[in-house]
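Construct the entire structure; sequences and hints are all you get.
Heads up: the protein sequence lines correspond to chains A and B, in order.
Everything in the first sequence is counted per our numbering, starting at 1 for the first residue and increasing by one.
Everything in the second sequence is counted per our numbering, starting at 1 for the first residue and increasing by one.
Note that these hints are calculated values from the structure, not bench results.
Treat the hints with care, as some may be off.
Covered, in the sense of this in silico footprint (three residues per stretch, anywhere, with C-beta under 8 Å from a C-beta of chain A), are these stretches of chain B [stated by the list, open to error]:
id : region
1  : 51-61
2  : 83-97
Calculated Cβ distances over 12 Å to all of chain B for the following chain A residues [as the list claims (entries may be wrong)]:
id : residue
3  : T145
4  : A230
5  : S236
6  : D262
7  : D320
8  : E428
9  : K461
10 : K509
11 : R681
Even for Gly, the Cβ is constructed at its ideal location relative to N, Cα and C.
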Amino acid sequence: MSIKAFELVPVIERVKLMSDKAKTQIECLDVCGKNMYIGTSDCFVVHYSIDEKTQANGRITYTSEKQGHKYLVVKKPVAQLRAASALNRIMVLCDNTLTLLNMFDLEPIVTGAKIKGVVCFCINDNPVRTNPFSVEICVALKRKTVQLYTVTEDRMMHLRDVTLPEQAVAVGVDGVTVCAALTSQYCMINTDSSYITDLFPIDDNLKPIIKRISKEEFLLSGPSALGIFATSAGVSQRPPMQWSDGLTAVSFVHPYIVALNDEFITVHSILDQQQKQAMPFISGVFLGDFDGRIFVASGREIYSLVPIPFEKQIQALLADKRVQEALELAKNANKTGMSREKFVKMFKRIQQQAAFIEFAEKNFDEAGQHFKESAIDIREIISLYPHYLPSSVNFTRSVPPLHEIADINQLSRSNEETKLAYKVFLREFLEDIRGTSITHGYKLEVDVALLKLYAESCPEKLPELLADDPGCDLGDCVNWLERHGRLHSLGLLYQHHGESEKALAVWTKLMDSGAKDPSFPGLDFIVLFLASLTNHELLWKYVDWVLEKDEELGVKIFTERPANEPQSERLRPETVVDYLHRFPIAVITYLEYLIFQRRLEKEKYHTHLAVLYLEAVIKLMDTNGTKKEDLDIARSKLRHMLQMSNLYRVQLILGKAKEKEMHAECAILYGKLEEHDKALRILVHKLKDFGAAENYCQVNSRGKDPAACKRLYHILLSVYLDPTYERRDTLVAPAMDLLNNADAEFDNVKILQLLPESWSVGLLGQFLTRAVRTSMHNSRMTRIERMMARGENLQVKQTFIEMQRDAIVMNEERVCAVCNRAFSDPTFVRYPNGVVTHVHCAKNKYICPVTGKLFSADKR
Amino acid sequence: MASRGGPQRPNGASQGKICQFKLVLLGESAVGKSSLVLRFVKGQFHEYQESTIGAAFLTQTVCLDDTTVKFEIWDTAGQERYHSLAPMYYRGAQAAIVVYDITNPDTFGRAKTWVKELQRQASPNIVIALAGNKADLASKRMVEFDEAQAYAEENSLLFMETSAKTAMNVNDIFLAIAKKLPKSETSGTPQPRQGVRLNNEQGGQQSEGGCCK
Numbered sequence: 001m002s003i004k005a006f007e008l009v010p011v012i013e014r015v016k017l018m019s020d021k022a023k024t025q026i027e028c029l030d031v032c033g034k035n036m037y038i039g040t041s042d043c044f045v046v047h048y049s050i051d052e053k054t055q056a057n058g059r060i061t062y063t064s065e066k067q068g069h070k071y072l073v074v075k076k077p078v079a080q081l082r083a084a085s086a087l088n089r090i091m092v093l094c095d096n097t098l099t100l101l102n103m104f105d106l107e108p109i110v111t112g113a114k115i116k117g118v119v120c121f122c123i124n125d126n127p128v129r130t131n132p133f134s135v136e137i138c139v140a141l142k143r144k145t146v147q148l149y150t151v152t153e154d155r156m157m158h159l160r161d162v163t164l165p166e167q168a169v170a171v172g173v174d175g176v177t178v179c180a181a182l183t184s185q186y187c188m189i190n191t192d193s194s195y196i197t198d199l200f201p202i203d204d205n206l207k208p209i210i211k212r213i214s215k216e217e218f219l220l221s222g223p224s225a226l227g228i229f230a231t232s233a234g235v236s237q238r239p240p241m242q243w244s245d246g247l248t249a250v251s252f253v254h255p256y257i258v259a260l261n262d263e264f265i266t267v268h269s270i271l272d273q274q275q276k277q278a279m280p281f282i283s284g285v286f287l288g289d290f291d292g293r294i295f296v297a298s299g300r301e302i303y304s305l306v307p308i309p310f311e312k313q314i315q316a317l318l319a320d321k322r323v324q325e326a327l328e329l330a331k332n333a334n335k336t337g338m339s340r341e342k343f344v345k346m347f348k349r350i351q352q353q354a355a356f357i358e359f360a361e362k363n364f365d366e367a368g369q370h371f372k373e374s375a376i377d378i379r380e381i382i383s384l385y386p387h388y389l390p391s392s393v394n395f396t397r398s399v400p401p402l403h404e405i406a407d408i409n410q411l412s413r414s415n416e417e418t419k420l421a422y423k424v425f426l427r428e429f430l431e432d433i434r435g436t437s438i439t440h441g442y443k444l445e446v447d448v449a450l451l452k453l454y455a456e457s458c459p460e461k462l463p464e465l466l467a468d469d470p471g472c473d474l475g476d477c478v479n480w481l482e483r484h485g486r487l488h489s490l491g492l493l494y495q496h497h498g499e500s501e502k503a504l505a506v507w508t509k510l511m512d513s514g515a516k517d518p519s520f521p522g523l524d525f526i527v528l529f530l531a532s533l534t535n536h537e538l539l540w541k542y543v544d545w546v547l548e549k550d551e552e553l554g555v556k557i558f559t560e561r562p563a564n565e566p567q568s569e570r571l572r573p574e575t576v577v578d579y580l581h582r583f584p585i586a587v588i589t590y591l592e593y594l595i596f597q598r599r600l601e602k603e604k605y606h607t608h609l610a611v612l613y614l615e616a617v618i619k620l621m622d623t624n625g626t627k628k629e630d631l632d633i634a635r636s637k638l639r640h641m642l643q644m645s646n647l648y649r650v651q652l653i654l655g656k657a658k659e660k661e662m663h664a665e666c667a668i669l670y671g672k673l674e675e676h677d678k679a680l681r682i683l684v685h686k687l688k689d690f691g692a693a694e695n696y697c698q699v700n701s702r703g704k705d706p707a708a709c710k711r712l713y714h715i716l717l718s719v720y721l722d723p724t725y726e727r728r729d730t731l732v733a734p735a736m737d738l739l740n741n742a743d744a745e746f747d748n749v750k751i752l753q754l755l756p757e758s759w760s761v762g763l764l765g766q767f768l769t770r771a772v773r774t775s776m777h778n779s780r781m782t783r784i785e786r787m788m789a790r791g792e793n794l795q796v797k798q799t800f801i802e803m804q805r806d807a808i809v810m811n812e813e814r815v816c817a818v819c820n821r822a823f824s825d826p827t828f829v830r831y832p833n834g835v836v837t838h839v840h841c842a843k844n845k846y847i848c849p850v851t852g853k854l855f856s857a858d859k860r
Numbered sequence: 001m002a003s004r005g006g007p008q009r010p011n012g013a014s015q016g017k018i019c020q021f022k023l024v025l026l027g028e029s030a031v032g033k034s035s036l037v038l039r040f041v042k043g044q045f046h047e048y049q050e051s052t053i054g055a056a057f058l059t060q061t062v063c064l065d066d067t068t069v070k071f072e073i074w075d076t077a078g079q080e081r082y083h084s085l086a087p088m089y090y091r092g093a094q095a096a097i098v099v100y101d102i103t104n105p106d107t108f109g110r111a112k113t114w115v116k117e118l119q120r121q122a123s124p125n126i127v128i129a130l131a132g133n134k135a136d137l138a139s140k141r142m143v144e145f146d147e148a149q150a151y152a153e154e155n156s157l158l159f160m161e162t163s164a165k166t167a168m169n170v171n172d173i174f175l176a177i178a179k180k181l182p183k184s185e186t187s188g189t190p191q192p193r194q195g196v197r198l199n200n201e202q203g204g205q206q207s208e209g210g211c212c213k
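Following this line, the structure appears as structure tokens:
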């Protein structure tokens with residue numbers, strides 16, 4: 001647990017006291033700037049000037065020169081001595097009397113300011129009053145009282161008393177709070193309210209020590225050699241410290257607490273309350289800190305405890321691999337007056353060093369965290385892995401070096417397992433920081449390293465990396481991927497760099513050679529790639545290769561192109577169709593794509609596709625042993641095409657279809673030619689598919705006016721009833737079905753004319769009933785409609801009249817619009833346009849006499 | 001150390017309220033105070049826990065509904081010679097756990113004295129919990145559950161039998177304390193309050209403050 005925080009440097013090796021009597025001993029001292037005052041056991045005050053010099057090697061040495069001395073006559077030891085530079089005075093406690101001396105000539109002050117019966121005193125470093133030319137002190141008296149004074153150049157002004165239950169033997173003061181050690185216990189005294197908070201008892205064999213640590217916080221010596229912290233409120237906010245026995249004095253320079261006993265000077269950290277250093281120091285009598293400098297005195301010598309610079313302490317800790325402590329210390333170093341910027345820089349560097357130590361110790365979690373927090377130059381880490389930096393990057397590690405690691409081979413001593421652990425760390429670390437600000441500017445390095453790591457051990461992650469805009473250059477990545485057989489990824493890398501040709505070369509090679517790369521999705525992938533390839537020249541080079549491997553897949557190159565691709569000469573539909581001639585499946589798929597998806601309305605393609613379908617059907621019909629389902633599928637495809645499209649050359653298809661007696665197709669084609677009679681005849685007579693016939697009527701009447709619709713059904717019925725057809729008996733039933741079909745629409749009068757005379761009413765009963773009812777229904781509906789329209793009209797009229805209604809004020813000033821005379825009787829006439837006249841002036845109530853406007857006389 | 005680091009943003013807008021409480025453990029030596037804390041803070045248990053010197057300090061944060069409760073735990077030393085230091089640590093504490101050992105009736109007696117002392121000298125509204133530790137040693141039980149329960153009810157203490165070794169009831173007792181502590185903005189430790197005085201002038205009556213209700 002040790003650390004070297006301080007170094008003992010002699011200040012005055014042998015105090016030249018007045019007499020060389022062996023009994024003369026140092027009792028106390030104070031340092032104020034370059035002045036050092038020493039109080040001795042034989043009542044002398046000695047003044048030295050001391051000079052601190054920093055040697056070339058960084059060591060600090062002191063030179064001292066005696067300035068003067070003063071004998072205080074009372075032959076008692078000087079118990080306490082404090083300089084007050086603002087007043088040019090030193091306060092001396094000797095023989096229980098506190099007096100003032102001149103700081104320079106050590107002469108007593110003639111005004112005779114003094115306090116008698118003093119046990120001890122202390123200066124308030126956090127004074128309540130703010131006069132810079134006065135000093136507040138707290139004095140413990142023999143008579144169970146503490147007093148507060150303001151001391152000026154020549155006077156000591158009494159402020160207030162607090163009476164205590166016992167005599168105080170040690171005091172500390174901060175603001176209005178006095179911390180006092182009474183004979184049996186410590187207590188906190190609020191001098192404003194005189195309220196006393198008991199802290200804890202003092203054992204008989206304990207020397208009470210009170211040291212003010214910071215604002216409102218004191219350090220006290222407690223039972224079992226504990227150092228106990230206490231705030232003004234009497235609460236302990238830090239855990240206690242374990243000291244050694246027999247302490248005589250305590251000092252504090254952040255973050256260290258220095259304690260003196262008979263044999264040792266011990267140093268504890270206030271941060272973790274642990275002991276950090278112990279120096280043998282025999283017979284120490286005094287220890288004190290003065291403006292951040294610590295001095296310690298034995299009977300005759302005086303030393304300074306010179307702090308070792310933080311950096312040195314931290315480096316020493318790091319050298320011992322005590323990372324936690326080093327960081328803790330470094331974090332607190334900014335309290336030592338370093339500029340913020342400098343501190344951050346220093347702290348980062350220490351953190352990085354710490355990180356590399358943890359790294360070397362294989363404490364990867366800690367290492368990663370420190371690396372991240374200190375925003376390490378990522379190349380520092382990658383450079384530890386031989387060959388993982390991109391060959392194009394020229395990197396030299398920082399000077400002075402952050403660590404002494406050569407590379408991971410050295411760290412792992414070529415143990416493969418350890419090496420793997422290091423690589424896993426790097427991989428996880430890079431994945432973690434990828435895209436964060438740490439990697440800013442080092443995308444190339446990070447991604448290349450990741451690529452290499454993945455290629456080695458994690459090939460499944462490669463495509464993801466390569467899909468996500470990697471910063472990898474081609475450089476040695478190509479070699480690396482080839483070496484590890486990640487050909488698919490190599491292709492992806494080429495693709496990312498726009499080298500489609502090389503990428504395709506790699507993939508086709510991968511296909512042809514049959515080499516195994518589990519990440520390679522196969523031909524589909526190449527097809528997809530070609531489908532989105534913008535370089536059409538290159539595309540044509542590979543089309544053959546793909547189509548020969550798989551027509552159906554290959555045609556996707558043309559059918560699955562990105563929607564927003566600009567039209568290009570090389571990919572014009574004509575060119576493609578021409579090219580695809582050799583591949584019958586591909587050409588059909590492509591034409592289907594053109595017609596059904598792109599909705600190209602070119603007669604050529606429609607006819608071509610129709611012909612191709614037809615040929616396929618014919619081929620199937622001609623081969624023996626064709627399965628019926630296959631044929632049905634082919635024919636339904638053809639029929640769908642024929643039905644759907646209106647653009648193909650009907651005659652051409654019709655000719656071939658007739659030849660092959662494909663009646664269903666013929667019917668559709670006739671339909672296209674509007675030759676419904678022929679079409680329906682085929683359906684009824686040849687195919688005897690009455691459902692299809694009715695369906696035909698429905699399909700062909702879609703979107704046409706009811707008359708055309710009626711005409712179609714009428715044609716169908718005439719076909720059924722055609723007297724020239726020899727087997728017309730068989731058609732009576734479908735004819736009746738048609739008549740009774742609710743969907744079919746007929747002109748009933750024409751139907752009655754068409755029906756054969758011989759049919760009985762019974763047979764037609766259903767149809768007739770329906771016809772009559774429909775007719776009745778229509779007539780009634782029409783009537784209702786008319787009456788409702790009339791009602792509506794009435795309502796509108798009423799509204800209109802109401803809107804026109806207007807009050808008319810009749811008075812003397814109102815004159816007739818015709819004769820310009822006043823009204824004498826209460827009757828008058830108002831025209832709808834607002835003209836008001838005498839009754840007798842209104843000749844015609846339909847014509848306005850002023851404007852001549854004609855009001856409708858229309859009465860229904 | 002105590003005041004450094006950690007989530008002390010007084011009113012982290014996004015994460016609801018943060019309350020900070022000082023909690024002190026008291027009880028006879030070797031009843032398992034440090035073990036309880038170690039189990040609660042680090043989830044560990046040492047069969048041979050060294051005896052605490054003076055006092056130790058640890059922190060642990062627990063989440064309770066929308067409130068983050070940070071415990072500042074003062075684990076005091078049980079040995080008699082340190083007894084006189086206890087007030088330094090329980091002064092200003094909002095919660096205390098008084099621990100005894102169910103296999104040792106003397107420690108239960110000592111616990112009662114601690115409760116009395118707390119009731120007399122600690123903050124008037126301190127939440128006190130009584131923990132009968134070493135519940136895993138039920139075969140050597142000397143203090144009956146009912147007896148301790150009755151005592152706890154009489155003095156309105158929270159009561160649980162715990163085992164730092166098996167972790168039984170350890171988190172529960174701390175959570176029970178967190179639930180019982182007043183979580184209005186006016187309570188809690190005085191120190192992290194300075195930043196949020198926006199509307200404290202209307203007195204301590206907080207309208208369940210904050211936007212995230």
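Confirm or reject: R681 (chain A) is not an interface residue toward chain B, with every Cβ-Cβ distance exceeding 12 Å. For R681 (chain A), whose nearest Cβ neighbour in chain B is about 81 Å away, the distance exceeds 12 Å, so it holds.
Would you say S236 (chain A) is clear of chain B, with no C-beta pair closer than or equal to 12 Å? Check fails; 4 Å does not lie beyond 12 Å.
Is the nearest Cβ of chain B still more than 12 Å from the Cβ of K461 (chain A)? 33 Å, holds
Quick one: work out the minimum CB distance from D320 (chain A) to chain B and report holds if it exceeds 12 Å, violated otherwise. Holds: least Cβ distance 22 Å, greater than 12 Å.
If I take the minimum Cβ distance from T145 (chain A) to any residue of chain B, is it greater than 12 Å? Given that every Cβ of chain B is farther than 12 Å from that of T145 (chain A), nearest at about 25 Å, it holds.
A230 (chain A) clear of chain B by more than 12 Å, beta carbon to beta carbon? 6 Å, violated
Tell me whether the statement that chain A covers the region 83-97 of chain B is true, taking a Cβ distance below 8 Å and needing three residues at minimum. holds (count 7)
Is the listed coverage of the region 51-61 of chain B by chain A valid when you require three or more residues with a beta carbon under 8 Å from a beta carbon of that chain? holds (count 5)
Distance rule for K509 (chain A), whose beta carbon must clear each one in chain B by more than 12 Å: 54 Å, holds
Say whether it holds or is violated: E428 (chain A) keeps its Cβ farther than 12 Å from all Cβ of chain B. The claim stands: E428 (chain A) keeps its Cβ more than 12 Å from every Cβ of chain B (closest is about 25 Å).
Distal placement of D262 (chain A) relative to chain B, Cβ over 12 Å: Answer for D262 (chain A): holds, closest chain B Cβ roughly 22 Å.
Against the hints set out earlier in the document, violations occur for numbers 4, 5.
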